[in-house]
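Top line first, the protein sequences correspond to chains A and B. Take the first sequence: its letter number 160 is residue 160 in my numbering, and every next letter is one higher. Take the second sequence: its letter number 69 is residue 245 in my numbering, and every next letter is one higher.
Watch out, some of these pointers could steer you wrong.
[To be verified] Okay, the calculated bits of chain A under chain B, using three or more residues with CB under 8 Å as the criterion: (1) 14–20; (2) 32–39; (3) 149–156.
[Stated by the list, open to error] Per label pair, the in silico range of CB-to-CB distance: (4) B:Ala254 <-> A:Arg139: 27 to 35 Å; (5) B:Asn260 <-> A:Glu132: 25 to 33 Å; (6) B:Tyr286 <-> A:Gly33: 40 to 48 Å; (7) A:Gly32 <-> B:Arg258: 40 to 48 Å; (8) A:Val60 <-> B:Ala195: 51 to 59 Å; (9) A:Gly10 <-> B:Gly287: 42 to 50 Å; (10) A:His109 <-> B:Asn260: 39 to 47 Å; (11) A:Ala126 <-> B:Arg258: 31 to 39 Å; (12) A:Gly167 <-> B:Asp186: 41 to 49 Å; (13) A:Asp158 <-> B:Ala195: 48 to 56 Å; (14) B:Gly194 <-> A:Gly89: 37 to 45 Å.
[Stated by the list, open to error] Just a few of them, taken from the derived set where beta-carbon distance is under 7 Å, the chain A residues facing chain B: (15) Val68; (16) Gln112; (17) Arg115; (18) Glu169.
Derived by calculation from the structure, the hints in this document are not laboratory data. Think of the CB as a built atom: it goes at the ideal place given N, C-alpha and C, for glycine as much as any other residue.
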Amino acid sequence: MSPPPPNGGGEADLRSSGPPELAPDDHVRGDGGRVVIEYGDYECPYCARADRLLAELPIVRVFRHFPVPSKHPRARALALAAEAAGLQGRYWEMHDSLFGDQGHLDDPHLWQRARELGLDLDRFEADRRSPELDERVTRDFHSGVRAGVMSTPTLFVDGEACPGVPGPELLARLRG
Amino acid sequence: MIEAGTPAPDFKLRDQDGADVSLEDLRGQTVVLVFYPLDFSPVCTDQLSIYQELVQDFDQRGVKLYGVSVDSPFAHKAFQERLNLTIPLLADFEPKGAVAKSYGVYNDDYGTSQRALVMIGPDGVVKWSYCSPSALEIPGANLIFDALEPSAA
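This is chain B alone, in the form it adopts within the complex:
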């Protein structure tokens, strides 16, 4: 998967409302791309629900989260409404998984992305990345906060 220090590959994806979101648009802020396998699958549901509870804490630190999966904008919209998510969801739908592939987090066997987190700094360079050893293991939100504020020690 993509490593810290690498310029983040550009992308332009549609969000749950059909609006284009490109990495270019997100310059100047810290962004975390939350790659997850599929909308509505139980494990992902827990992951995004818990991140949602911490949106205010991410906001305080000037960090914006974006979910990314191979689902369509319409599926994303339904998923977002079902879970009352405000985290935008980007559709890596056509060509399928192209962004996941460019970030090195696509799983060919399942036809979905792996469960991975990529933090991109305001300068567009990858600051931190993490890939779950298995799709069933959810990266704890604590790992994102660790990456944001490395301990002084």
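Chain A on its own, in the form it takes in the complex:
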């Protein structure tokens, strides 16, 4: 038998949901223009590229975690680090820090980043191991699964799934 799941045995609904919709506690930045929901992973180089391209655009950006540790062993730890920074009001700063340098993603590098952002390090350490944040990351992942996400990055624009780094056509559409 498999070990009992950490959430106490409740089965998550993983059936198709259609495109994701903005949730009250999503991480959102930017104003005006289209809403772009991105499913990504901080260890994924394509996600970092997509993130840089999106940063130039007049859009509302939403980031959701889609960590796939078998491919990117640090993915989940990094998602949790960003969430833990978020509890101290610095989610996007950690997000930018991680995507800005994907060559330094071990724990000591995370502490260094946390110090640079002025975070309370003890609290950061406790928070990134908390079951609540773990559940939050899993919830993002599950919402992606339900929307049919099967690779990162996957962007949702006007209810349409756009897998991969956005190409010229999509960028032009988002600019306009």
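Guided by the hints, dock chain B onto chain A, whose structure is given.
Leaving out everything else, chain B in the frame of chain A:
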């Protein structure tokens, strides 16, 4: 490809450790055969990595996934270790692609199986099947959950 309601063709294939796995052995549980083109090709890597993240959710529903491709058991072993997969991988290696052919999901042009999912019920009858329109399109894990739990509506 094979359709729901058809008895699943029997097979006996070696897994990544060289052990024989037959459909007969799997009777009594719901099994999903995940046919994919090749070990180590980038798209397949995403597919099995994401299914791997959901193994616990499949377990909760009493469902066991098996990857199937024309690669040898040794290639499967290396692929499994590379991705830390616990999903067993079956070698449809000799005669090449025979099981994929019996399930109607072999692609003669590429010499590999198509990207397809076949759900077999505890009674050995195909419960659901899905074939990607192209090898680049990965069937979302959500489709498997849809097939397991048809909505009441």
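Discussion item. To test your reading of the hints: which numbers does this structure violate?
Written reply: Numbers 2, 10, 14, 16, 17, 18 - these are the hints that the structure violates, sorted from lowest upward.
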